[in-house]
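Trainee: Once you've looked at the hints, go ahead and assemble the two chains, each given alone in its own frame, into the complex.
Just so you know, the sequences run in chain order E and V.
Basically the numbering used here = 1-based index in the first sequence + 136.
Basically the numbering used here = 1-based index in the second sequence + 29.
Hints in this document: simulated from the structure, not taken from any laboratory.
Predicted, not measured: the structure shown is a model, and the values here were computed from it.
Any given hint might turn out to be false.
[As the list claims (entries may be wrong)] With the C-beta cut set under 7 Å, the calculated list includes, among others, these residues of chain E facing chain V:
| no. | residue |
| --- | --- |
| 1 | Pro607 |
| 2 | Asp891 |
| 3 | Lys896 |
| 4 | Val897 |
| 5 | Gly899 |
[Said to hold, decoys possible] Taking lysine to any residue and the SDA-like style, the derived pairs with C-alpha atoms no more than 25 Å apart in a straight line are:
| no. | chain 1 | residue 1 | chain 2 | residue 2 |
| --- | --- | --- | --- | --- |
| 6 | E | Lys845 | E | Val952 |
| 7 | E | Lys602 | V | Glu143 |
| 8 | E | Lys602 | V | Glu150 |
| 9 | E | Lys602 | V | Thr203 |
| 10 | E | Lys845 | E | Arg689 |
A virtual CB, placed ideally from N, CA and C, is assigned to each residue, including glycine.
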Amino acid sequence: MRRALTAVFGNWSLAIRLARRELRGGLGGFGIFIGCLALGVAAIAAIGSFSRAVEEGLRADARTILGGDIELRLTHRAASDDQKDFLAGLGRLTEVLEMRTMARPAQRNGGAPALVQLKAVDDVYPLYGGLEFKPAMSTQDAFQERNGVFGVAVEELALRRLGVKLGDRVQVGDGVFQVRTVIAREPDRGFSVFAIGPRLMMSQEAMARTGLLQPGALLSYEYRLALQPGTNFRNTIATINRQFPSAGWRVRGLDEAGGGLRVWIDRLTLYLSLIGLAALLVGGVGIGNAVDSFLIGRRRTIASLKSQGAPAGLVWRLYMAQIAVLALLGVCIGLVFGIALPFVADALIGDRLPVNARVDLYVQPLAMAALFGMMVALLFALWPLARARAVPAATLMRGLSATDDISPRLRDLLAMAGVGFVLAAVVVLTAPQRNVAVWFIVGALGAFVAFPALARLAMALARRVKHPPHPTLRLALANLHRPGAATVTVMLSLGLGLTVLVATALIENNLQRQVQQRLPQDAPAFFFVDIQPDQVMAFDAAVREAGGYGLERTPSLRGRISRIDGVPVAQVEIAPDARWAVDSDRGLTYAPTPPDGTRLVAGQWWPSDYRGAPLVSFDAALARGFGVGIGDTITVNILGREIEARIANLRTIDWTTLNLNFTFVFAPGVLEAAPQTWIATVKARPEEEEKVYRAITDRFANVTVIRVKDALDTIAGLLGNVGLAARVVGAVSIATGLMVLAGAMAASQRRRVHDTVVMKVLGATRRRILEAFIYEFAALGLVTAIAAILIGSLAAWLVITEVMNLQWSFPFSVAVLTAFGAVTLTLALGLAGTLGALRQRPLSLLRNE
Amino acid sequence: MISLRDVRLQLASAAGPVNILRGISLDIGAGETAALVGPSGAGKSSLLMVIGGLERATKGEVAVAGTDLVRLDEDGLARFRRDNVGIVFQGFHLIPTMTALENVALSLEFADAERPFERAEEALRQVGLSHRIDHYPAQLSGGEQQRVAVARAFVGRPRLLLADEPTGNLDGGTGRAIMDLLFSLVAGTGATLLLVTHDEALARRCSRVIHIADGAIANDTAMAA
Chain E
137 MRRALTAVFG NWSLAIRLAR RELRGGLGGF GIFIGCLALG VAAIAAIGSF
187 SRAVEEGLRA DARTILGGDI ELRLTHRAAS DDQKDFLAGL GRLTEVLEMR
237 TMARPAQRNG GAPALVQLKA VDDVYPLYGG LEFKPAMSTQ DAFQERNGVF
287 GVAVEELALR RLGVKLGDRV QVGDGVFQVR TVIAREPDRG FSVFAIGPRL
337 MMSQEAMART GLLQPGALLS YEYRLALQPG TNFRNTIATI NRQFPSAGWR
387 VRGLDEAGGG LRVWIDRLTL YLSLIGLAAL LVGGVGIGNA VDSFLIGRRR
437 TIASLKSQGA PAGLVWRLYM AQIAVLALLG VCIGLVFGIA LPFVADALIG
487 DRLPVNARVD LYVQPLAMAA LFGMMVALLF ALWPLARARA VPAATLMRGL
537 SATDDISPRL RDLLAMAGVG FVLAAVVVLT APQRNVAVWF IVGALGAFVA
587 FPALARLAMA LARRVKHPPH PTLRLALANL HRPGAATVTV MLSLGLGLTV
637 LVATALIENN LQRQVQQRLP QDAPAFFFVD IQPDQVMAFD AAVREAGGYG
687 LERTPSLRGR ISRIDGVPVA QVEIAPDARW AVDSDRGLTY APTPPDGTRL
737 VAGQWWPSDY RGAPLVSFDA ALARGFGVGI GDTITVNILG REIEARIANL
787 RTIDWTTLNL NFTFVFAPGV LEAAPQTWIA TVKARPEEEE KVYRAITDRF
837 ANVTVIRVKD ALDTIAGLLG NVGLAARVVG AVSIATGLMV LAGAMAASQR
887 RRVHDTVVMK VLGATRRRIL EAFIYEFAAL GLVTAIAAIL IGSLAAWLVI
937 TEVMNLQWSF PFSVAVLTAF GAVTLTLALG LAGTLGALRQ RPLSLLRNE
Chain V
30 MISLRDVRLQ LASAAGPVNI LRGISLDIGA GETAALVGPS GAGKSSLLMV
80 IGGLERATKG EVAVAGTDLV RLDEDGLARF RRDNVGIVFQ GFHLIPTMTA
130 LENVALSLEF ADAERPFERA EEALRQVGLS HRIDHYPAQL SGGEQQRVAV
180 ARAFVGRPRL LLADEPTGNL DGGTGRAIMD LLFSLVAGTG ATLLLVTHDE
230 ALARRCSRVI HIADGAIAND TAMAA
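Only chain V is shown next, with the shape it has when bound in the complex (with noise of 0.2 Å):
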């Protein structure tokens, strides 16, 4: 599903170039559920953008659901990850101004896939908030905020699930919720999941924990099933 090889990564700053990843080759299978865990700073969020697409790694190849996506432009990208991957963010990112209904349905539009509020409503429905569904962001609590933003992952069903540090705004108990919807929809749907998180016992329900360090790859370990 994933492969990368010598995945390099260089922003700019106002003190020069800084180099975020450095040369990281990685293989992540169909299906499997892999963490990415290590310290602040250590370039595992940047390395999540790479693998969706949302950066560009500097240099290395980056291939992911067969798609290489090295060579595709800006817009090429977009319609990659509207057709293989779901992204969820520590800051949940839903649109204000939309319901929680046109926030999940708004990837089906873009993909111009057919009856799109009616598989949002589903959607909406399996993460427990069909009596939510025409409200405001604003009007929702943090929990159901991320609620709506893992159905909106979901709805399309992506091959690849992003998730970047999903429970990092959440109490203990909503966001032991959140994970429990989370890795029961990767199962149920056979997605791979990548999932950023400081959380080790929350890596541990992974199938592998990859730990990251200054922009490398320091161990990467298979977790007993």
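Isolated chain E (complex conformation) (with noise of 0.2 Å):
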């Protein structure tokens, strides 16, 4: 047995006794091989732990953060009574209603109207946690009606935007409240990535005086359920469902608490891995230049070792112990770290997430994060393990400079490729979006592929300059090109780096300048909502009263699509990037005549006059998600009653217009006599956007006002936020790859002070020799930045316009500053080098040789 362990495994208790022995030489040498692995191991375990906290925060907060076991949501209109008596005889049962909607100041003398986020609460709510208010009070007594006027609870942000305080009056809608107090705590506040308008929250009861209940008025009724304790709570959804299968709620349970913020939380999980996993392969190649060099050193020993008999094999298993030593110290100082930086992240910024994380030890994330490490560690210690085992031991006789070249066998060339394929495949299989992965690992080869041939190319151009006019620029150049130049070592570590950076900063300036520049020059100022039918005249009279102009209005419902092609959605297969859409409610709206702008893909539209079966006209993009087309159907529940439509014709929306646009349009004849509302986009110049503002909350009390400005804002610094983020874990790939420079400077420092005393003793002053320095630090960070330019914006053109079917536009500054900073950076770390090898006293270096 052991024989045949043997003959599979090798010797491996001998090889780890010689490797005992050489260790005992100290680790001199291995500091970045140590620092380049703990870095990225480091930002892969500590993304990989804040991120399960926050998720660990969600399952144990899930009753909290749903404010129930489940919850049940229907738009426009309440449960019937029916519905409710089921429900409540299910578990305790509270009523939530919640819909945006406009409060302003009751005095005249008071702030501006403001957008506020109403929520309406029964005498049960809340189930689960504490409703806290600053001043500290009752539910009852914030609520309750003294002196015949109803007290509301706002957060502090409304205090400030309406002008008020606590003590005056607001009114919303019709109806005249106190603000009694602040609200501290709002245990089911969750987590909406476009809350636009702060809280306030009253009872139900104050909910009626304001007048906003009316049909079609854009409401969520939600219906909370605390069941028994020992319930499962999927089987009561079942249950439900079973009783009412077209009651056309959404339900969601336990497991879908926060479900936004999960899939959010998923995503920038797995792209600010991805980025720290490209740190890793960054310092992957400081591991192997370390290694390299390393074994290079031991060339002797090896030769020593083989000519007394010791097998090439044994050679291998001799370092590769001593390396996967080294290597699991730096995995452990990078766990670590990852382990700490946590509870950090937590301490700085855990009061401005929606959910207490629960920062801890957990496992998961740090395995894989070693299991990372210690994979990029081997797949980059192979070759030069590989070159060490073919040291022949006629190197003892006849010397083998460094330089010579030992080839590997295809044998290690299969290994290293073995090694890599696994490495991506446990990458996509743990991505919760592989495609993403998948282009991560086709991007991260072609970067290893580009670069070296990039830096080749410009060798080979820095060789082909015959005689160039100065003699530092040819020692500048000769030093890019020379035998056992860091041209590409320094490319691929710095230039990896750089490409991520310049990667991240582009499809965050992408996304920026889609809300903050390209849309506001033909975007509406203002979306208005919930405008009643017989304020329709009214309203187009104020706006155009108030300087508005570029009105476009439409009647708009609401509701989810059941069935596609007959089928329940739940049992049809639907591509992810399309789920969104049976998600939740879906705006409708109809029309005679193609809306403005429509682009039909397929079909043809209905004739103005059509008064036949239903027909809808539907979104191209969700019906390739859904699997349908022309002449299939749909079927929409809308206020509880299914309408089955056959698609006539597809159309492409672009929703960054922001205009108005709907996924579905009916033709004439199904939905004219359903409860609807009215919404409105209007331009206005931005002298006259406060008088349009003014003109309607003034006058319309029920109709809100959502400014795209500050829905713009809102989106503009979340996504200034999540590249924040990026740009920190991007950070430790530029701050790795400087390590591999840092390795590849010290590793040519011996021979910058020989050709620094070599021409001080031929009569060259400092300056021209600190000129030459400079001429080949700035070319290889130029040479650099123009490769990570070219290749980050490819990576990021390839995001922005085949993944978010973005405009693309290329900010040059970005470009500029990019190539600014890599020159910078090589300079300042050459130079610092550079600096000892001026002051080096020749005689020491002449005499010694």
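Mentor: Spelled out as structure tokens, the structure:
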């Protein structure tokens, strides 16, 4: 048995014994190796651990975040009494109403009207968690009617926006209320990416006074259930669905608490982890270099071992064992930081997160980081190890210089390919979005091919320059292409780091530009929601009078897709990028003629006097995701009524225009009689925006106004935060790249000292020598920056145009900043090492030779 | 050409300051050829470095080719070497990233001299390496590398040639060939030669043999022509 094991795995005990003897010499020269590995592992471990902490927080607080064990949500309408009775029989039931609306100070001398997220609750609310006020008071005290006026509680921000203080009165809809207290903690506030107004909370009795409970108003009714302990919420959901199969409500269980947030975290974690993995791969270059120079220094020892009868396999195992020990050390250091950093992050930004992150020691993300670390170390150590194994014993006699090439065998190449494949497979299989991970692998492979290729091209060009006009320039160029030059290493390591930074900066810049720069020129200034049909004429007149223009107005209803081509949604296989459309309500409208800017891609628009069976014009992208086409049917539940419509045509919708766009446009004759409101977009010159805002908010208490600028600011702020996170992780790859660069500089330091002294002997002044190094490092930095800009831009372009389907723009400043940064970094690091060479006294070097 | 008065050199070491040169006074005229001989560690190479402006004397007067080296700063010394001195080392000290031609042309380029590459090519032809001008040092044998170093030392027509055991790394035959070349070039240009060597026979080819022992001149002998 033992013999069989030895045949397969070789004699490791002897290798480990020999390795222990060699390691007695200490770990000198392995600082870069350990540093590169530790940094990459720390980044991945920290991102994974923190993400897990947030997920654990979500899980632990699921009941509180969801507001119950089960939540049922209806739009426009309340559940029927039958439904409420049935639900009440399943556990404790609470009903919560939510809508966006306007609040305004009741006194004329107060501040401006402001958009708020109105929430009306009953006596049972909240089922889980505590609603806390500042100053503290009971829910009853906060909301009850006193002297004919109900109380409301608001978020701090609402006080500022409305220009009111506690005790003041505010008007919501037709009702006037007293602001009694500030909401310090709302247990089920949840997380909404696009929450653009502060909370205003009142009782349901108070809500009745607002007059906002109009048919078709954009209201959501939420029913939360607290089940008896031990009751399985999934079974209860099944029971509810059996009882009311076509209720049209969206049912969520505990496993979907913080649903949107969870998707966000998953995606953000993936993106940040991939950037962290990129840092680890950059570090791999440093690991490979460190192992290579260590093993080149050991060639005499290897030859000596071989001359005494050590087989090549033993040599391989001997050094593999040492590298494994060092890699383990690097990984452990990385893990220590990976464990500690989430605690620091929680202390710094914990209170800005929508959930209480449960920061702890989680084994799974740490194990993944350790696995990635060990695999990257192995991947990059295999090549130098293979070269070491091939060192001939004859080296002892005839000598072998470091630059002599020893080519590894086919099986070594296959081993590297195998490890690379397994690493890629682990990355892809553990990613929540596999297509993104696959693109990352393709990109990383591309960069590992492209950078050395570009480096070799630069070296070939430098070689072709015959007798440059200046000796210092010649020295600089020669240093770029001479045998053993670090050009490839530096370009690959610093270049990869820069590429990550360029790509993330360009993507963020493009997204910000979409939001902040491109849109406002043709985007409306306001969205108006919940215009009642009888207000339409007066609304139009008020807008025109106040100087608003470009008014677009359309009827609006909301409905849930319940069946696709006759099959219930739950049973249809829907592409991931189209799932959003069935996860919540969709906006619907109807029109006799195609709305302006309609781009039909299939089918025909109906005649304007059409009065036949229900037809619908549908979003082409969603149709693709649903697997339906012209002639297929879509069933939509509108206010509890199921309407099956045949798809008459498909449209492409550019959501980024911020014009009124609807997934569904029905043919006339179906929806006219349904309760509905109108929505409108209005453009206004910046100086007239305030006038339009006041004109509408003063006259139409029920109409909700959303300033596009506010919404865009919210999105821009969010993008900024995501971008910051990406930049922080991207900086890790730059730091790793710099470590590799420092290692390469240190390796060439002896040569630089020699060249400096010889040039001094030949009469070169210090300025001249410094010039030579400046040229060399600047050229290296510039070529690296150009390559990084090219490759990073290509990656960003693919993400923006192909993945996100957005318009691409190339911000020149980002490129210039990158180039400047790269040149500065290489110059600073290079010159820091070279100044020592410049101070070297010639005597010591010239005499010691 | 060379005038030294009470030159002392003290260097720091881990064991404390070490006196390398202890009051050397020496005059060598233009066109003379002088050999510095003596046991290892006597201070021969250090004396050569002080004369070449590569090391600063701790004390004393150093005048070479009419220039007071004590007054010059580091860059001034570099310019002085560029214009007056050629040096050949035991370890060749070529720049590995440059071809033979580029190595030889380097000091001319530093001096902003005209036609540096043509003159470098001519110098390489003189040392018998016209077929190797585009080779890198690593592609040349030890003897060939030292010929490049000799060409580099002579290309600027220096008034003073310093050679620090130039044959120390070469086999006997190659070493002799290099020295023949060196002496013929010195004779041809009229340069002053100061040669550090352990080789008594080689020393006797010079017009003067100066024995250094323990940092001081022990003996200064004029050789019969």
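Trainee: Next step is simple, just say for each hint if it's right about the structure.
Mentor: Hints and how they fare:
For Pro607 of chain E, the suggested interface contact is upheld, since its CB lies about 4 Å from the closest CB of chain V, less than 7 Å. For the restraint placing Asp891 of chain E at the interface with chain V, the shortest Cβ-Cβ distance is roughly 5 Å, inside the 7 Å limit, so the hint holds. Annotation: Lys896 of chain E was flagged as interfacial toward chain V, and the flag holds, the nearest CB pair being 6 Å apart, inside 7 Å. For Val897 of chain E, the interface hint holds, since its Cβ comes within 7 Å of a Cβ in chain V; the closest pair sits about 6 Å apart.
Taking 7 Å as the C-beta contact cut-off toward chain V, the hint placing Gly899 of chain E at the interface holds, the least distance being around 2 Å. Distance hint between Lys845 of chain E and Val952 of chain E is unfulfilled; the C-alpha atoms sit about 30 Å from each other, more than 25 Å. Our distance criterion of 25 Å between C-alpha atoms is met by Lys602 of chain E and Glu143 of chain V, whose separation comes to about 17 Å. Distance check on the hinted pair: Lys602 of chain E and Glu150 of chain V sit about 15 Å apart at the alpha-carbon level, within 25 Å; holds.
Proposed proximity of Lys602 of chain E and Thr203 of chain V is contradicted: the alpha carbons are some 32 Å apart, above 25 Å. Note on Lys845 of chain E and Arg689 of chain E: the hinted pairing holds, with a Cα-Cα distance of about 19 Å set against a maximum of 25 Å.
The structure does not agree with the numbered hints 6 and 9 stated previously, though it agrees with the rest.
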